[in-house]
Structures are given as C-alpha cells and as structure tokens.
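Undergrad: Sequence:
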Amino acid sequence: MKALRLIPVVAIVVAVTSGAVKAQQQQPASRQAAPTTTVAGGNEGRIVIIYTDVFDDEKQGIARLVNAVKGVDREFEPRRAELQSLQQRYQQLVDELNKTAAVQDPRAQQQKREQAEQLQRELERKREDAQIAYNKRLQEVVAPIYDDIAKFLEAYAKQRGIAMIIDASKVPGVIFVTNNAMDITSDFIAEYNRRNPATASATTPSR
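Under mature numbering (1 follows the signal peptide of the UniProt record, and there is no 0), residues -23 to -1, 1 to 184 are what the sequence shown spells out, in order.
These aren't lab readings, by the way, just hints derived from the structure by calculation. On a predicted model such as this, the values are computed, not experimentally measured, just so you know. By construction, the Cβ of each residue, glycine as well, lies at the ideal position given by its N, Cα and C atoms. Treat the hints with care, since some could be wrong.
In silico lysine to aspartate or glutamate, DMTMM-like type, Cα no more than 25 Å apart, as pairs [claimed, not checked]:
id, residue 1, residue 2
1, Lys103, Glu59
2, Lys147, Glu117
3, Lys128, Glu54
4, Lys113, Glu52
Pairwise CB distance ranges, derived in the manner of DEER restraints [unchecked claim]:
id, residue 1, residue 2, range
5, Gln68, Val31, 32 to 42 Å
6, Gln64, Ala110, 32 to 42 Å
7, Asp50, Ala127, 21 to 31 Å
8, Asp164, Val118, 19 to 29 Å
9, Pro174, Lys89, 54 to 64 Å
10, Glu117, Gln37, 21 to 31 Å
11, Pro83, Gln116, 30 to 40 Å
12, Glu73, Val148, 41 to 51 Å
Taking the hints into account, I'd like the entire structure generated from these sequences.
TA: Here it is in structure tokens:
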C-alpha cells in the first residue's frame, strides 16, 4: 500500500518584482549571465527559472516542508496500517475463492463471495475517507509554509535584481534551458534553509 501523498500546487508560476530591479548578481566567468527583461516603469531585471517540484524532495528540498509532510505521514500511519490489513484480508478471500471454485459447495462459495464484496466496499470507502482526511490535514500543515516560501522568494528576487521567475516544473517539455545561470532552484533552497531552520514554526517570519 503506497503512502497517502498529495502535495499542493505551489502558487508561484510567474513572479514579477516591484520597484527598481537594476542590481545584477555577479556570475562566475565560466557561466553566462542570465538574460534580462524590462518590466513596468522601465526597470530592467533578470529572468530566471525555478523548479518548485524539488521543494518537497527529501534530499534536496526545503527542510521545513519535508519535515511537515513527514509529520502528517506519521499521523496517518494507523489508518495506513488498517487499510493494509483490510487489503490483505480481501486478497485472502479472493485467493480462497479461486482455489476452491471447482470443489466447494456453491452455497458456501456464494457466502464467501458476498463476504469478499462487502470487504471490498468497506476497503474502498475507508480508503477514500482516509485520502480526503489526509489531503485536508496536509493542506492545513503545509499551506502556511508555502505562504512563507512565496514571501521569501519575493524578497530573494528583489535583493538579486530579478524581474521575473518562471516555474519550469509547471510546464514540463515546454521550457528548454541552455543557460544554467537561469536556474535558481538550488541557491534559493539553500538560502531558505539557512534562514529558516527545519525546526522553525511555520509562522516564523523570514528575514
């Protein structure tokens, strides 16, 4: 039985900074500078990309988010165990029906078939209820963290003269990056983790 998991879509598709964004980050000589664009008011700034689907990656992602998801997973471990037990019982009944189909009394077969159907309905209902409850709880836990990430990303962009951030994970196969200087994913995650320890409260303001 796979773990219940549904990570909300991050509401960071395109972010445009406000105010002056003329400052440019220095890039190593071996890397090309990221392209620039002009935003409202004639302010020029960099165009970059980010892959938000990495945020919940256990090894490379945002530690607070990863820990929050793990916490919800632990909360639902009893339900997951119950579903596994029901699945095993149902499978045992199905296996018994298949093995004894040719030799068992038809009435006994019918009774066992009805038991299997009832157990299947119970399993499906409990699985749906568990998934709904899991999704609701996960949203409650991670929504404040995603809000904080979005605010931190805005501040991060302003400090680095970034005019536009495109979430490349939302348009797979559409954006092809040939300039690695455009990808801020690793740098942003490292900066966020440094400023926001994994044990920090979801309501702790970023600096």
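Undergrad: With reference to the structure, classify each hint as holding or not holding.
TA: Tested hints:
no.: 1; hint: Lys103 / Glu59; in the structure: holds, 9 Å
no.: 2; hint: Lys147 / Glu117; in the structure: holds, 23 Å
no.: 3; hint: Lys128 / Glu54; in the structure: violated, 32 Å
no.: 4; hint: Lys113 / Glu52; in the structure: holds, 13 Å
no.: 5; hint: Gln68 / Val31: 32 to 42 Å; in the structure: holds, 36 Å
no.: 6; hint: Gln64 / Ala110: 32 to 42 Å; in the structure: violated, 18 Å
no.: 7; hint: Asp50 / Ala127: 21 to 31 Å; in the structure: holds, 24 Å
no.: 8; hint: Asp164 / Val118: 19 to 29 Å; in the structure: holds, 26 Å
no.: 9; hint: Pro174 / Lys89: 54 to 64 Å; in the structure: holds, 56 Å
no.: 10; hint: Glu117 / Gln37: 21 to 31 Å; in the structure: holds, 25 Å
no.: 11; hint: Pro83 / Gln116: 30 to 40 Å; in the structure: violated, 50 Å
no.: 12; hint: Glu73 / Val148: 41 to 51 Å; in the structure: holds, 50 Å
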